[in-house]
Amino acid sequence: MRFFIIEGLIFLVTATVPGAASAQCTSNADCKGGRICQAGRCVDVEATRCGKDTDCPGDQVCRAGACGAAAAPPPLPAAVPGAAPAGRAAAVVLPTASLSSPRYAQPTVVSSVDPGWAFTAGILGTVSAVLVLSTGIGAEVVGDDDTEAAIGIGATGALILGVMGPVVVAGSGSARRSPGVDGIPALRISGWVGYGLALMDALVAIGLAAGDVVIPDGVPAALGGLGMLSMVSFSIDAFVANNQARRAARRLTTNRPRFSMLPTVTPVRLADGSSTGVFGLTGRF
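Going from the sequence shown to the working numbering is simple: count from 1 and add 12.
In case anyone wonders, no lab produced these hints; they're calculated from the structure. All values derive from a computational prediction rather than experimental measurement. Keep in mind that a hint or two might mislead.
Between beta-carbon pairs, the in silico distance windows are [to be verified]:
| id | residue 1 | residue 2 | range |
| --- | --- | --- | --- |
| 1 | T38 | T278 | 41 to 51 Å |
| 2 | V290 | G52 | 35 to 45 Å |
| 3 | R262 | S146 | 33 to 43 Å |
| 4 | T168 | V226 | 15 to 25 Å |
Glycine residues also receive a C-beta, built at the ideal position from the N, C-alpha and C atoms.
Between the sequences and the hints, there should be enough to build the whole structure, so can you do that?
Structure, rendered in structure tokens:
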């Protein structure tokens, strides 16, 4: 990260302390009649005696039974921000404001972007699709010679389809909870339609076969193929949701401002006691 500072003077508003009015005296020798010089004025000695501050004229204070000028306040530190010497106005300090372009503003990070286990669900759906198709073909092959074996194989395929379909969709949903992640809604809907038809027809075919009703050739394989298509639809939707979530997470973590600029203002006390301000621009890219 590189920084640069462009400095320039803002402006200095100063006011001089008006000169004091013409003094009556500068020492006791300037006063007559036994009077003494106090704060540029000739006063009676008795007038300078006091017991408390209120006994003294003007801004004088009572010290050790005599009126005198108040002690001068300690000088201000040279680097007190915003401070100004007596009789001078403070330098005007501009409010800090970002000059960064909105297109380079820091993005709002959405920490909830998470692909979840959508990728794992896609793998499970793919394996399940192969198993469902295999059981349909297996039931078709052995159906003419061994009805009981065909019923067992078909029931196994229907069980895999019935259980794994919702599991894969749930895995896809773990990624779709993130903002901007939708998967493929149309493919997911078509998968649910195929899932319902294949599972319902498989259960009907198993029931008919158990009642010694001959199942027409090609029906078990067709049901296995329909179940496979539904699982493939669920799997593709899960893979797409996983990729969408990962891309969204990468965009949020890599979208950083390439350039920004910020003004800085620092009050400065000059050697002659006046105040000024240094204006600078700090850049980052």
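To see whether the hints hold, each was checked on the structure:
no., hint, in the structure
1, T38 to T278: 41 to 51 Å, "holds (42 Å)"
2, V290 to G52: 35 to 45 Å, "holds (40 Å)"
3, R262 to S146: 33 to 43 Å, "holds (38 Å)"
4, T168 to V226: 15 to 25 Å, "holds (21 Å)"
Violated hints for the displayed structure: none, as all numbered hints are satisfied.
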